[in-house]
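Chains as they are written, first to last, in this note's numbering: chain A, 22 to 360; chain B, 22 to 360.
Mixed in with the good hints, there may be bad ones.
[Said to hold, decoys possible] Cβ-to-Cβ under 10 Å is the rule here; a few derived chain A residues that face chain B:
id: 1; residue: G244
id: 2; residue: F252
id: 3; residue: P285
id: 4; residue: I290
id: 5; residue: K293
id: 6; residue: R294
id: 7; residue: L295
id: 8; residue: R296
id: 9; residue: Q298
id: 10; residue: G299
id: 11; residue: I301
[What the hints assert, rightly or not] When the alpha-carbon atoms are kept at most 30 Å apart in a straight line, the in silico BS3-like pairs for lysine-lysine are as follows:
id: 12; chain 1: B; residue 1: K293; chain 2: A; residue 2: K80
id: 13; chain 1: A; residue 1: K293; chain 2: B; residue 2: K166
id: 14; chain 1: A; residue 1: K80; chain 2: A; residue 2: K322
id: 15; chain 1: B; residue 1: K84; chain 2: A; residue 2: K80
Quick caveat, the hints were computed from the structure, so don't treat them as lab data. Where is the CB? At the ideal position from N, CA and C, for every residue including glycine.
Protein chains: 2
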Amino acid sequence: MSENNLQVLLKRRPQGAPVQEDFEMAERPVPLPGRGQVLVRNRFLSLDPYMRGRMSDAKSYAKPVDLGGVMEGATVGEVVASDDPGFAPGDSVMGGNGWQRYCVVDAGRLRRVDTSEASLSANLGVLGMPGLTAWVGLEDIGEPKAGETVVVSAASGAVGQVAGQIAKARGARVIGIAGGAAKCAFVKDELGFDACLDHRGDLNAQLDVTCPDGIDVYWENVGGHVQEAVFPRFRDFGRMVMCGMISQYNTAPGADATGAPPGPNLGPIVRKRLRVQGFIVSDSGWQRYAQFRAVMLGLMKSGELRWKEDVVIGLEKAPKAFIGLLKGENFGKLVIRID
Amino acid sequence: MSENNLQVLLKRRPQGAPVQEDFEMAERPVPLPGRGQVLVRNRFLSLDPYMRGRMSDAKSYAKPVDLGGVMEGATVGEVVASDDPGFAPGDSVMGGNGWQRYCVVDAGRLRRVDTSEASLSANLGVLGMPGLTAWVGLEDIGEPKAGETVVVSAASGAVGQVAGQIAKARGARVIGIAGGAAKCAFVKDELGFDACLDHRGDLNAQLDVTCPDGIDVYWENVGGHVQEAVFPRFRDFGRMVMCGMISQYNTAPGADATGAPPGPNLGPIVRKRLRVQGFIVSDSGWQRYAQFRAVMLGLMKSGELRWKEDVVIGLEKAPKAFIGLLKGENFGKLVIRID
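Taking the hints into account, I'd like the entire structure generated from these sequences.
Listed below in structure tokens is the structure:
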């Protein structure tokens, strides 16, 4: 093979916000597949906020990336060589194949992808982990009903755009929250949310106007001042889907109470019979992938599901793009095209 | 009838902790039942923390008691006169009959009580609203499993003692938290909890020893420094049953975020996939009363359910007893015997 395997390694654990120097590029020979293994040429890499947790060795739900190890991440690509009867060269596949151009992986850890249904990169977003996250969180916790008011933070992001559109398809009134006029216009005009509020403006005043009767479901991606504005507005029997709190990933990664900023007084949870529940999609989400994919493809066909990708070209740009993701600089699902 | 109807009225809304002057005694003629109504002579009155909310006109899940109105509360007693075919003089009944000696009530609002199964007053505690609260909260939210660690705050109180014993009967390891050595000894030695921690001591040190591997279910009755100590100790997939937060009822009654002290950072809810859920027993609990009562009577017969009542004699002592309840001065389920 003429190409080397370009990789992005974790060089050191970030102090606060990650910087370029926390990553390191490496070039290594392309590996060969052993028995039952497949060599994959990654075409797109998904960048997602959870990766900040993997860079830290604070206790969390998954093991951290080793220092000097390849950064973890989902990719889509095609099979180059296979020593497994289930895969043949040219097959399109998805898997947790890391920030690298090539990888050798056990066949059982790959999922075949049908690119006649949607683009290859869509399998990292609307049909991938972020979309699955949105669907699982609404199925299991949010349970939006027709006529209810659903608020989605980080509404133009990979998870938020799907969560809002699923809720909308179920007949809910859906209010997005995003940063800046361009994202808000996209969420309202392109994705079809009922409104989208700019959290850089006076969020309380905007919520007063758009949610005068309160909020039934809040999809939490961000924490911080957005959570502060939304939490007191729950209606009785409201549900708070705890998907993430990106605003504190750099200040209190994987935080227990120690060092993390205080949260809301929990009294309203009793009085309003709220349910505040966290989930991690990898616990059981992939076991329901077929059902999820069928729902998504149905919404695509009916025209109820649109999405935006923010495609950055070149694996060597992944660290900078990821650093920007944690600051909200991406616009849509962030993917790296690995040339 | 030779007796008058002694009543306790709400004279003014408390500022902070209620004081004797917020209440007023009244004597009125005993009323007569109209068509479909029953005259009840109340024998025991239940005093419960939720009543603090009814004294306030802050927005809450139930309407406040009117100024000058009879304080609300559950009672047990017997039928004196009836103009309804379903009840006859001498019948033992329970109902929401207020802080008063007599009341006339629509027959449909009374529940007949079988005193051969348990004492009359037990129907205000272990077989009444507090017991039902414990059972519903564990059925719907706590769901303790064999081998799990369950922590119950206000463990010697009306709800806590039942919640802990139900969890114990289901095979969980149950740790109580109570105020002072006498209550802790009672919870451990009489109720059979595995341990009971004194929240007046160093709760963190005691939790380190008794719950070294963390907590699966926390029954929240109190808030404040107890919540602070327990919250960071949840294990993955932990459940927090939000029954009440008595430590702030006098400082932030019916509080929204406004004026209430901050709570824990919510990050661990995501990372540990916690469920934090509130409930009010009156929403649907009474519809399941028969099932609950059967479970409780079963536990009584098998010797797995014990309970303690704190009986104060004389309706005129109800205000003082209630003021003490909010300070944790009662020991066991607080009831007033109305002589």
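**Report entry** Contradicted hints - numbers only
**Finding:** 14 and 15
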